[in-house]
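Enquirer: Which chain is which? The protein sequence lines are G and V, in order. 208 is the number that the numbering used here gives to position 208 of the first sequence; each next residue is one higher, with no gaps. 117 is the number that the numbering used here gives to position 117 of the second sequence; each next residue is one higher, with no gaps.
The set of hints was computed from the structure by calculation and includes no laboratory data. You can trust all of the hints, since none of them are fake.
Facing chain V, according to a computed beta carbon distance under 8 Å, are these residues of chain G, among others:
{"no.": "1", "residue": "29"}
{"no.": "2", "residue": "31"}
{"no.": "3", "residue": "184"}
{"no.": "4", "residue": "251"}
{"no.": "5", "residue": "252"}
{"no.": "6", "residue": "257"}
{"no.": "7", "residue": "318"}
{"no.": "8", "residue": "324"}
{"no.": "9", "residue": "329"}
{"no.": "10", "residue": "335"}
{"no.": "11", "residue": "340"}
{"no.": "12", "residue": "341"}
Where a beta carbon is used, it is the ideal one built from N, C-alpha and C, also for glycine.
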Amino acid sequence: MSSLAERFAAYVTHRWPDASEVRVDELTRIHGGASRETYRLRLRCRRGGAEQEHRLILRRDPSGSLIETEREVEFRAYRAFQGSRVPVPAALWLEQEARWLDRPFFVMEEVRGGEASPQALLAPPYAAHLERIGEHKWTILGEIHRADPVAVGLADGAEPAALDTCWRRELDHWERVIDEDELEPQPIARAAIRWLRRHPPRPAQKLAVVHGDYRTGNFLVSPAGEILAVLDWEMTHLGDPIEDLAWSINRTWCWARDGRPGGLLPRERAIAVWEQASGLRADPDDLHWWELFSSVKGIGIWLSGAKEFSTGTNSDPVLGFTGWWLANAQDRAMLETLGKLT
Amino acid sequence: MKPDVPVVLQKLSMALLTEIAPAVGVDYLQRNTGIAAIMLGMAAEEWDRAAARRVEENAALRALFRDAAPEANDAALRRRLEEAARGADSDLRLSALDASNQVLRGLLLELHAHVEELSSPGARRVESAIWTELRRSTERRAFALAPF
Numbered sequence: 001m002s003s004l005a006e007r008f009a010a011y012v013t014h015r016w017p018d019a020s021e022v023r024v025d026e027l028t029r030i031h032g033g034a035s036r037e038t039y040r041l042r043l044r045c046r047r048g049g050a051e052q053e054h055r056l057i058l059r060r061d062p063s064g065s066l067i068e069t070e071r072e073v074e075f076r077a078y079r080a081f082q083g084s085r086v087p088v089p090a091a092l093w094l095e096q097e098a099r100w101l102d103r104p105f106f107v108m109e110e111v112r113g114g115e116a117s118p119q120a121l122l123a124p125p126y127a128a129h130l131e132r133i134g135e136h137k138w139t140i141l142g143e144i145h146r147a148d149p150v151a152v153g154l155a156d157g158a159e160p161a162a163l164d165t166c167w168r169r170e171l172d173h174w175e176r177v178i179d180e181d182e183l184e185p186q187p188i189a190r191a192a193i194r195w196l197r198r199h200p201p202r203p204a205q206k207l208a209v210v211h212g213d214y215r216t217g218n219f220l221v222s223p224a225g226e227i228l229a230v231l232d233w234e235m236t237h238l239g240d241p242i243e244d245l246a247w248s249i250n251r252t253w254c255w256a257r258d259g260r261p262g263g264l265l266p267r268e269r270a271i272a273v274w275e276q277a278s279g280l281r282a283d284p285d286d287l288h289w290w291e292l293f294s295s296v297k298g299i300g301i302w303l304s305g306a307k308e309f310s311t312g313t314n315s316d317p318v319l320g321f322t323g324w325w326l327a328n329a330q331d332r333a334m335l336e337t338l339g340k341l342t
Numbered sequence: 001m002k003p004d005v006p007v008v009l010q011k012l013s014m015a016l017l018t019e020i021a022p023a024v025g026v027d028y029l030q031r032n033t034g035i036a037a038i039m040l041g042m043a044a045e046e047w048d049r050a051a052a053r054r055v056e057e058n059a060a061l062r063a064l065f066r067d068a069a070p071e072a073n074d075a076a077l078r079r080r081l082e083e084a085a086r087g088a089d090s091d092l093r094l095s096a097l098d099a100s101n102q103v104l105r106g107l108l109l110e111l112h113a114h115v116e117e118l119s120s121p122g123a124r125r126v127e128s129a130i131w132t133e134l135r136r137s138t139e140r141r142a143f144a145l146a147p148f
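Could you put together the complete structure from these sequences and hints?
Expert: What follows is the structure, encoded as C-alpha cells:
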C-alpha cells in the first residue's frame with residue numbers, strides 16, 4: 001500500500017494531466033478539526049515548463065467524528081465567499097469518490113502564518129490585539145449574514161428553509177442527534193428542549209447563510225491581530241442569522257473566564273458590532289431563545305463525540321476530552337440561560 | 001494501595017506535559033499527548049469523589065421521588081416513583097452506582113416533563129425541587145478546569 005502522500009500525488013496527476021514530476025512531501029496531520037482528518041502538505045510539480053510549489057490543506061472524511069456533516073456543503077461555502085469581505089482559503093478540488101484516498105475529501109490552499117488555537121490567542125503576541133480580533137470577528141460574521149445566499153451560490157442544493165420554521169428544523173435535528181447519541185439520560189437538555197418548543201422565536205428577519213460553528217478556534221489570526229481566514233464551514237446551512245450570533249457568544253467559549261466569548265469582547269459589544277455589520281437587529285427575546293438552543297446543539301455535539309470515542313469508532317482524544325470538559329459546562333450554560341443556576 | 005491513585009495520575013499527567021510532550025516531534029501527536037495529560041488530571045480529580053457523588057445523588061433522587069410521588073396524577077408514574085424511592089445502593093462498584101443513577105435520572109426526566117404540565121402548587125414545589133437537584137448534579141460533576 002503506498003503512502004498517503006504518494007496516493008495524493010497520483011490524484012493530483014489525475015486532476016492536472018498537464019503536470020509532470022508531481023511530488024508531495026511535508027505531509028503532516030493538523031490537530032483539531034475533529035469532524036474531518038486534516039492534513040497540511042507541500043505539492044511540487046512542473047506545469048507549462050515551470051516548476052510550481054503549492055502549500056495545501058487536505059480535508060478527508062473520517063470514519064467517525066464529532067459532527068456528521070456533508071463535505072460538499074463545506075466546499076461550496078469556501079467557494080461562495082472567495083474574493084469577498086469574508087476571508088476564506090481558496091478551495092481547489094472536491095473528490096467524492098473513495099478510490100483515491102479510501103474516503104471522500106476536498107483540497108484547499110493553505111493560509112499560512114495564522115493561529116487558530118483559542119488558548120494561543122490569549123497569549124503573546126495575539127493577546128495584545130484581542131479587542132481588534134473581536135471587532136473583526138463579529139464584523140465578518142455580520143458580513144456573512146449580509147450576503148445574499150442566492151447571489152453567492154449557496155441557495156442551490158441547500159436544504160430548504162423558511163423564515164418561520166427554520167428554528168424548528170434546527171431544533172428537530174439536534175434533538176434527533178441527542179436521541180441517537182446520548183449514552184445516559186440528559187434531563188437538563190430535555191428540559192431545555194421542552195422550553196424551546198413552548199416558546200418559539202419570532203420568524204427570522206431574513207434567510208441567511210449560517211456558518212454553523214462560528215467561534216474562536218475556527219478562524220486563523222495573524223500575529224498582528226488580523227483574521228486571515230474563516231474555517232470549518234461543515235455545518236453551514238440557510239437559516240436565522242441570530243443562530244450564528246448566539247453560538248458565537250455561547251458561555252462555553254468564555255475560556256478566558258472573564259465573561260468575554262473567546263476572551264475577545266464583552267457580550268454586548270460583540271452584539272453591537274454584529275448589528276452594525278449585518279444591518280440586522282438582535283432582539284433580546286429571540287437571542288435568548290437561540291442562546292439556549294446553542295447549548296442544546298453543543299450538548300448534541302459533545303454527546304456525539306463521546307459516543308464515537310466510547311464505541312471506538314473514532315479514538316481521537318479530543319472527542320473524549322470534549323465529552324468530559326464541555327458537556328458539564330454546557331449543562332451549566334443551559335441552567336444559566338434558563339435562570340436556574342442560582 | 002500506595003501510591004494513591006490520584007497521586008499516580010497527577011504524576012503521569014505532569015510527566016506527559018513537561019517531559020514527554022515537548023519531546024514528541026510531530027505536532028498532531030504532541031497535542032494529543034497534551035490532551036491525554038489533561039484528561040489524566042481530570043481522572044485524578046474524579047477518582048476521589050466518584051463513589052461519593054453517585055451515592056449522594058442517588059439518595060437525593062430517591063428522596064425527591066418520595067416527596068414528589070403524591071403529586072403525580074398518573075398512577076403508573078406514581079407507582080414507579082414510590083418503587084424507586086424504596087431502592088438503595090447495595091453494590092458500591094462505580095458501574096453499579098452508574099447503572100442505578102441512569103435509571104433514576106431517566107425517571108427524574110419523566111417526572112419533570114409530567115409536573116410541567118400540572119398547575120397545582122404541589123407540582124410547582126416539585127418542579128422547583130427538580131431544578132435544585134439539577135443544579136446540584138451539575139456542580140457534583142464540575143471539573144476545576146471548567147471553561148466558565
